[in-house]
Amino acid sequence: MSDMIETESLRFAYPADEGQKPVYALRGVDLTIEKGSFVVVLGHNGSGKSTLAKTFNAVLLPAGGKVYVEGMDTLDQSLLLAIRQRVGMVFQNPDNQIVANVVEEDVAFAPENLGVPTEEIRRRVDDALKAVGMDEFVTHAPHLLSGGQKQRIAIAGVIAMEPDCVVLDEATAMLDPVGRREVLSTVHRLNREKGITVILITHHMDEAEEADRVIVMNDGRVELDGTPAEVFRQVTRLRRLGLTVPDTVDLLDRLRREGLEVPLDALSVEDCAAAIAETVRS
Amino acid sequence: MLKDITLGQYFPGNTVAHRLDPRTKILLVVLYITALFCAGSFAAYGLMAAVLAVCVRVSRVGLRALVKGLKPVLFIIVFTGLLNLLFTPGEGILWAWGPFHVTETGLRNAAFMVLRIMLLIMGTFLMTYTTSPISLTDGLERLLSGLKRFHVPVHELTMIMSIALRFIPTLIEETDKIMSAQKARGADFESGNLMEKARALVPILVPLFISAFRRADELATAMECRCYHGGEGRTKLHVLQYQRRDYAALTLGVLILAGVIALRACGL
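For the protein sequence lines, the chains are A and B, in the order given.
Each residue of the first sequence is one higher than the one before, starting from 1 at the first, in the working numbering.
Each residue of the second sequence is one higher than the one before, starting from 1 at the first, in the working numbering.
Simulated from the structure, these hints should not be mistaken for laboratory data.
We treat Cβ as the ideally placed atom computed from N, Cα and C, and that holds for glycine.
There could be a bad hint or two in this list.
Here are some of the chain B residues that sit facing chain A, going by a computed Cβ distance under 7 Å [what the hints assert, rightly or not]:
hint, residue
1, I134
2, R215
3, E218
4, T221
5, A222
6, C225
7, C227
8, G233
9, R234
10, T235
11, L237
12, V239
13, Y242
Based on the sequences and whatever the hints tell you, model everything.
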C-alpha cells in the first residue's frame, strides 16, 4: 500500500469551558497523503492546520472519524509507539524540543527511547547529523547554535527514528530568512534523497512553491487541494481566505486585470518572467 | 550580568580527572567527605588538603576557579567559624568578654570546622568542574539504579535533573530578555531598598514562570513525539564502563580514608 496517512471524516474539538459548546477545530477532513510526496498545508491562524498535523502521530486523537498511519489506526493505544516512530514531528520553537545539552545526546534521544542497541544509535546519530548537514557540531551545546541550526538538530533528532514521514508544524515560523532557507532545503533534500514523506505546515506562501501538493485549510475543512499551480491560480479565493499569494502570482494577477493575457500558474520568478516576456512579444 | 553563574559549571578538558568515570568521581567525593568527617587532627587535615591539592594539580583546573566557588558560602564559613570560636566551652580560657570566650578547644574546633567546610566544598566543586552535567546525571542514574527495586523513581529524577540543567541557559537568556523589555518600559531594578528591589522582581518572575510552564508543556509533547515512555527498555548512546584507572582511583580513595581513620585511631 502506498498511502502514508489517511484521514476519514476526521473531526476534533478542543475541550470547552463548562456549559459551553465545544468548538470544532476540525470538522470533517478527508485526506490521503501518498508516500514520498512533499505536501504543504497552508491556512491562516485558527484554520485547523496545526491541529490536523497533531492528529497525524496521535498527539491528538480524533473526536470523530479516523486517522490511519500506514494503515494503523491512531486510536489503537497498542500501536502508539509504532505510529510515532513512523511519523516524526518537528515543532515551532526549537528551544522547547531539544532535550539534552549536547547535540549528539539530543539526536540520540529518540533511538534511546526505542531501545536501539548502542552501536546502532551511534550510526543513526552520525547519519542523521550528516543528513541535515550538522555533522561538524556533534559535541556542541545546542543553546549556542542559531535558530536554523537548532531546528536542523531537531529534524536530525526525528530522522534518527528512521521515520517514513516528517511533519513540520510551523517549524520555520520563528526563524530568520536564512534559517528558513536552511530548514527548507534540508527537508527538500530528505524528501528527494531518502524518499521521506514531508508534510510542511506553514503560513508562508512562498514555501509552497516547490511542493508536490498544496492543501489549503480554512475553518477546520480542506478548502483547496492540488498542485501549487492549481491552487495559486485561484487568487481571489485565496485572498478571501485571508491568505496572501506569492509575489509572482500577485504580479500576474494584476497584469491580467490590466487586460494582459498572461497565465496565472507561473510560480517561480524565472517562469513568471518568461511568461510575461512571451505574452508581451505576441 | 546573569551569564556568569558558576552553579555546577563544567570546564572541558582531557585530563585523567576528566576521563574518570562519573560514577568513580561521585564515589570518590563520597569517600573524601567521609574522610573529612573522620579527620580529627591537623595531620589528618593536612593529608586531606594535600590530596585535594594533588587532584587540583592533575585536573588542571585553576585554583582561582575553586576559590571563586567558595565565595557564595563565605558567610556560612565565617559564621560557623565564629560560632565555634566564641561559644565552645572548655579549659584554658584565652580571652573572655561577657558571654563570649575563646578557649583552646574552641580555637581548634573553629579551625577544623572552617577547614572541613572549605575542603568539602572545593572537593565537590572539583568534581562538577571536571564532569559534564550530562555524564554526572548519567553516573548518578547508574549508581542509584539499585534503588529502583525499592520503587525509587531513579530514571525520572535524573531525567528531571538533566532537563533542568539543559534549560538553565535558556531561562537565563529569557530572564535577560524580560528584564530588558521591562527596563525599556521604565522599570527600575537598581535603586531602592531591599523591599523595593524584591518587589521590582515580580514583573520578571511572573512572565518567566508562565513561559517556563508553556515550555514544559511543549517539551513534554516533543518528548512524547520522540517515543519517550519512561526509563523502561531505554538504551544509551554512551554506556558507562569502568576502566583500569577507575579501579586504581577508587583503591587510592579507600586507602586514604583508611589512612585518616588510622591517624584518628592513633590519636593523632
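Evaluation of the interface hint that places B:V239 against chain A, nearest CB under 7 Å: holds (6 Å)
Restraint check, 7 Å cut-off on beta carbons, for B:E218 near chain A: Cβ of B:E218 sits 4 Å from chain A, so the hint holds.
When the least beta-carbon distance from B:L237 to chain A is tested against 7 Å, hint result: holds (4 Å)
Restraint outcome when B:R234 is required to lie within 7 Å of chain A by C-beta distance: This hint holds: B:R234 lies near chain A, its Cβ roughly 5 Å from the closest one there, short of 7 Å.
Proposed interface contact between B:A222 and chain A, which counts if any beta carbon pair is under 7 Å: Nearest chain A Cβ about 4 Å off; hint holds.
Restraint satisfaction for B:C225 [CB to CB of chain A, less than 7 Å]: holds (4 Å)
Interface hint compliance - B:T235 to chain A, C-beta minimum distance less than 7 Å: Holds - the Cβ of B:T235 comes within 7 Å of chain A, reaching about 5 Å at its closest.
Per-residue hint verdict: B:G233, partner chain A, C-beta under 7 Å: holds (4 Å)
Restraint outcome when B:C227 is required to lie within 7 Å of chain A by C-beta distance: Holds. Min distance 4 Å.
Supplied contact hint for B:Y242, tested at 7 Å Cβ to chain A: violated (16 Å)
Evaluation of the interface hint that places B:I134 against chain A, nearest CB under 7 Å: Status holds, d = 6 Å.
B:R215 as an interface hint toward chain A, with CB separation required under 7 Å: holds (5 Å)
Checked against the numbered hints above, the structure violates only hint 13.
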